[in-house]
Amino acid sequence: MKDDSTKRSRNIRTAALVAVLLCAAGGPLIAQEAVVTPLMTKALADIPGKEALMITVEYPPGSSDAIHRHNAHAFVYVLEGSIVMQVKGGKQVTLTPGQTFYEGPGDVHVVGRNASTTKPARFLVLLVKNQGAPVLVPAQ
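Residue numbering for the sequence shown follows the numbering used here, starting at 17 and increasing by one per position.
Hints may contain errors.
[Unchecked claim] Ranges of calculated distance between the beta carbons of each label pair, as one might list FRET restraints:
id : residue 1 : residue 2 : range
1  : Gln156    : Pro113    : 25 to 33 Å
2  : Lys107    : Lys135    : 17 to 25 Å
3  : Val109    : Pro154    : 43 to 51 Å
4  : Lys135    : Ala59     : 31 to 39 Å
5  : Lys135    : Pro64     : 38 to 46 Å
6  : His89     : Thr134    : 27 to 35 Å
7  : Gly106    : Pro154    : 16 to 24 Å
Just so you know, the hints here were simulated from the structure itself, not pulled from any lab data. Even glycine gets a Cβ: it sits at the ideal position worked out from N, Cα and C.
I would like the entire structure built from these sequences, with the hints used as guidance.
Written out as structure tokens, the structure reads:
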């Protein structure tokens, strides 16, 4: 249990650092407005060196992310509201509650935003990534 809580704490610190770095980068970034809530981190014993991280993300009305990547398998499930997602070379999609989205380890997330300027949106993300690797890496 201590191992999971230590990793969760490290992931929370990593996510906070990334948010600070994105804010410091300047420009029209609104990523700092998204609320990320870590739910669970679990080492995958049958896949050495890998872990699963489950988080929720809440986009306030009009919020969007800076271009980034996860270097992970990211499985997205929309809980409420409507979000717009796109990876480089892929089609932009608008997702509503119950719909899903996938990003692979090599994908660059070029669009991630709340489709509404008046209502929040919330989604669940399950990431399968290298243990201790950052959750998000800025990209261009």
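| task | Can you let me know if the beta-carbon spacing of Lys107 and Lys135 is within 17 to 25 Å? | result | At roughly 24 Å between Cβ atoms, Lys135 and Lys107 fall inside 17 to 25 Å, so the hint holds.
| task | Check the following: the C-beta atoms of Lys135 and Ala59 are separated by a distance inside 31 to 39 Å. | result | About 37 Å separates the Cβ atoms of Lys135 and Ala59, which means 31 to 39 Å holds.
| Per the hint of 38 to 46 Å, is the separation of the Cβ atoms of Lys135 and Pro64 within bounds? | Hint holds: Cβ distance 43 Å, inside 38 to 46 Å.
| Cβ distance range 16 to 24 Å for Gly106 and Pro154, holds or violated | holds, 19 Å
| Satisfaction of the hinted span 43 to 51 Å by the C-beta atoms belonging to Val109 and Pro154 | violated, 23 Å
| Is 27 to 35 Å right for how far apart the beta carbons of His89 and Thr134 are? | holds, 33 Å
| task | Take a look at whether the Cβ-Cβ distance between Gln156 and Pro113 falls inside 25 to 33 Å. | result | Cβ of Gln156 to Cβ of Pro113: about 31 Å, so the range 25 to 33 Å holds.
Checked against the numbered hints given earlier, the structure breaks only hint 3 and satisfies all the rest.
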